[in-house]
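K.L.:
Residue strings, one per chain:
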Amino acid sequence: MANDGCGAPEQTAVLPAGIDLGKEIVLGGKVTADGAPVGGAYVRLLDASGEFTAEVVSSQDGDFRFFAAPGQWTVRALHRSGNGEAKVTADGPGLHPVAVSVA
Amino acid sequence: MSREDVLVTAEWAENNLETPGVVFVEVDEDTSAYDGGHIPGAVKIDWKTELQDAVRRDFVDREGFEKLLSAKGIGNEDRVVLYGGNNNWFAAYAYWYFKLYGHQNVQLLDGGRKKWELDGRPLSSDAVSRAETEYKAQEQDPAIRAFRDEVVAAINAKNLVDVRSPDEFSGKLLAPAHLPQEQAQRGGHIPSAINVPWSKAANEDGTFRSDDELRELYSDAGIDEGKATIAYCRIGERSSHTWFALHELLGYSDVKNYDGSWTEYGSLVGVPVEVGPGTH
Numbered sequence: 001m002a003n004d005g006c007g008a009p010e011q012t013a014v015l016p017a018g019i020d021l022g023k024e025i026v027l028g029g030k031v032t033a034d035g036a037p038v039g040g041a042y043v044r045l046l047d048a049s050g051e052f053t054a055e056v057v058s059s060q061d062g063d064f065r066f067f068a069a070p071g072q073w074t075v076r077a078l079h080r081s082g083n084g085e086a087k088v089t090a091d092g093p094g095l096h097p098v099a100v101s102v103a
Numbered sequence: 001m002s003r004e005d006v007l008v009t010a011e012w013a014e015n016n017l018e019t020p021g022v023v024f025v026e027v028d029e030d031t032s033a034y035d036g037g038h039i040p041g042a043v044k045i046d047w048k049t050e051l052q053d054a055v056r057r058d059f060v061d062r063e064g065f066e067k068l069l070s071a072k073g074i075g076n077e078d079r080v081v082l083y084g085g086n087n088n089w090f091a092a093y094a095y096w097y098f099k100l101y102g103h104q105n106v107q108l109l110d111g112g113r114k115k116w117e118l119d120g121r122p123l124s125s126d127a128v129s130r131a132e133t134e135y136k137a138q139e140q141d142p143a144i145r146a147f148r149d150e151v152v153a154a155i156n157a158k159n160l161v162d163v164r165s166p167d168e169f170s171g172k173l174l175a176p177a178h179l180p181q182e183q184a185q186r187g188g189h190i191p192s193a194i195n196v197p198w199s200k201a202a203n204e205d206g207t208f209r210s211d212d213e214l215r216e217l218y219s220d221a222g223i224d225e226g227k228a229t230i231a232y233c234r235i236g237e238r239s240s241h242t243w244f245a246l247h248e249l250l251g252y253s254d255v256k257n258y259d260g261s262w263t264e265y266g267s268l269v270g271v272p273v274e275v276g277p278g279t280h
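If you're matching them up, the sequences are chains S and P in order.
For the first sequence, the UniProt record's numbering begins at 1 and goes up steadily by one.
For the second sequence, the UniProt record's numbering begins at 1 and goes up steadily by one.
Quick caveat, the hints were computed from the structure, so don't treat them as lab data.
Where a beta carbon is used, it is the ideal one built from N, C-alpha and C, also for glycine.
Treat the hints loosely; a few may be bogus.
Unchecked claim - Distance windows between CB atoms, simulated:
1) S:Lys23 to P:Glu134: 15 to 25 Å
2) P:Ser70 to S:Leu95: 14 to 24 Å
3) P:Gln138 to S:Glu24: 22 to 32 Å
4) P:Asp35 to S:Ala36: 20 to 30 Å
5) P:Glu213 to S:Pro70: 28 to 38 Å
6) P:Lys67 to S:Asp61: 32 to 42 Å
What the hints assert, rightly or not - Distance condition first, Cα-Cα at most 20 Å in a straight line; then the derived SDA-like pairs of lysine to any residue:
7) S:Lys23 to P:Asn195
8) P:Lys172 to S:Pro70
9) P:Lys172 to S:Asp61
10) S:Lys87 to P:Glu204
11) P:Lys172 to S:Arg80
12) P:Lys172 to S:Val26
13) P:Lys172 to S:Glu85
14) S:Lys23 to P:Gly187
15) S:Lys23 to P:Lys172
16) P:Lys172 to S:Ala36
17) P:Lys172 to S:Gly94
18) P:Lys172 to S:Ser59
19) P:Lys172 to S:Gly22
20) P:Lys172 to S:Glu51
21) S:Lys23 to P:Gly171
22) P:Lys172 to S:Ser81
23) P:Lys172 to S:Asp34
24) P:Lys172 to S:Gly50
25) P:Lys172 to S:Pro93
26) P:Lys200 to S:Asp47
27) P:Lys172 to S:Asp63
28) P:Lys200 to S:Asp91
29) S:Lys23 to P:Gln185
30) P:Lys200 to S:Glu51
31) P:Lys172 to S:Asn83
Sequences and hints are given; from them, build the entire structure.
P.N.:
If you want it as structure tokens, here you go:
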């Protein structure tokens with residue numbers, strides 16, 4: 001897919017064409033508050049030491065997605081209604097689901 | 001130059017939305033956020049289609065910049081306040097770009113779109129039109145833009161600051177972790193470069209860290225304030241953010257942004273490349 005910049009691509013639950021889950025590690029999921037999806041949250045990917053790695057904005061349905069290296073990750077969401085975080089371990093290629101609730 | 005000269009707070013911005021002579025400009029690579037809701041009265045600049053040449057990999061020329069700003073309704077005397085998504089990456093790039101073409105009266109909105117939204121400040125989807133101007137730009141200022149030969153000559157001689165994430169620096173990834181990793185160029189970094197990710201210069205809400213924190217960050221990393229500095233990343237926008245911190249906030253005298261960055265350097269034939277965590 002054509003994306004030669006650093007702007008965040010549109011976040012969708014369905015992976016864009018051309019992404020090979022046999023090769024790439026994808027961390028993906030939804031931001032929710034009281035079970036309802038939260039769009040427009042700033043979702044930050046932090047590495048095992050808590051260092052910032054990447055940030056996207058959740059879609060209207062609360063979806064987000066990162067491409068990552070193997071390791072332990074924290075996904076932290078910021079929203080005007082509250083913040084929250086969740087941990088996920090990615091040991092190999094594939095889609096690794098992670099859910100984050102904010103309060 | 002002080003922090004107040006180059007940054008405005010979200011509070012100041014909200015209080016000056018209708019101040020004559022102040023023009024708010026949202027800059028992004030993907031302008032769909034602007035279309036869904038922007039700071040009331042702000043015009044938009046599309047980083048890709050309006051600031052980059054459509055054919056060559058370079059900026060629009062001086063005449064093109066004059067035409068762009070005139071069409072946006074920005075005058076030479078206007079105070080331009082830039083903001084955007086991605087923690088102000090593209091807004092910082094535009095700031096550097098405005099300075100490159102000689103527009104001195106320009107500021108960044110601290111925290112950009114993120115801080116504005118997290119604060120719950122107003123957004124508007126009303127169309128914005130400003131009367132056309134006759135903007136006049138200067139020739140590009142070579143003091144703040146670095147090209148590849150200068151970067152190769154700077155190895156082991158100047159401060160080279162690689163502001164990408166550690167995994168991009170080491171060569172493990174070719175792009176930030178939220179983007180597909182399909183680029184063809186080699187991974188790694190320019191030998192002797194010091195890795196200080198741009199994100200260390202920012203707080204969680206997107207605002208810049210304090211001057212004291214920034215000074216400590218760069219001196220602890222081994223950047224010698226007495227030497228000239230060149231910052232780079234992948235396409236030059238994150239390094240604009242660090243260029244802003246070093247040159248505009250801390251006042252380091254000789255700092256250039258290498259906008260060719262890793263997408264150029266990592267594809268060059270005949271240049272040295274280092275992989276791994278680096279020697280600094």
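K.L.:
Can you list which hints this structure breaks, lowest number first?
P.N.:
1, 2, 3, 7, 9, 11, 13, 16, 18, 22, 23, 27, 28 and 31
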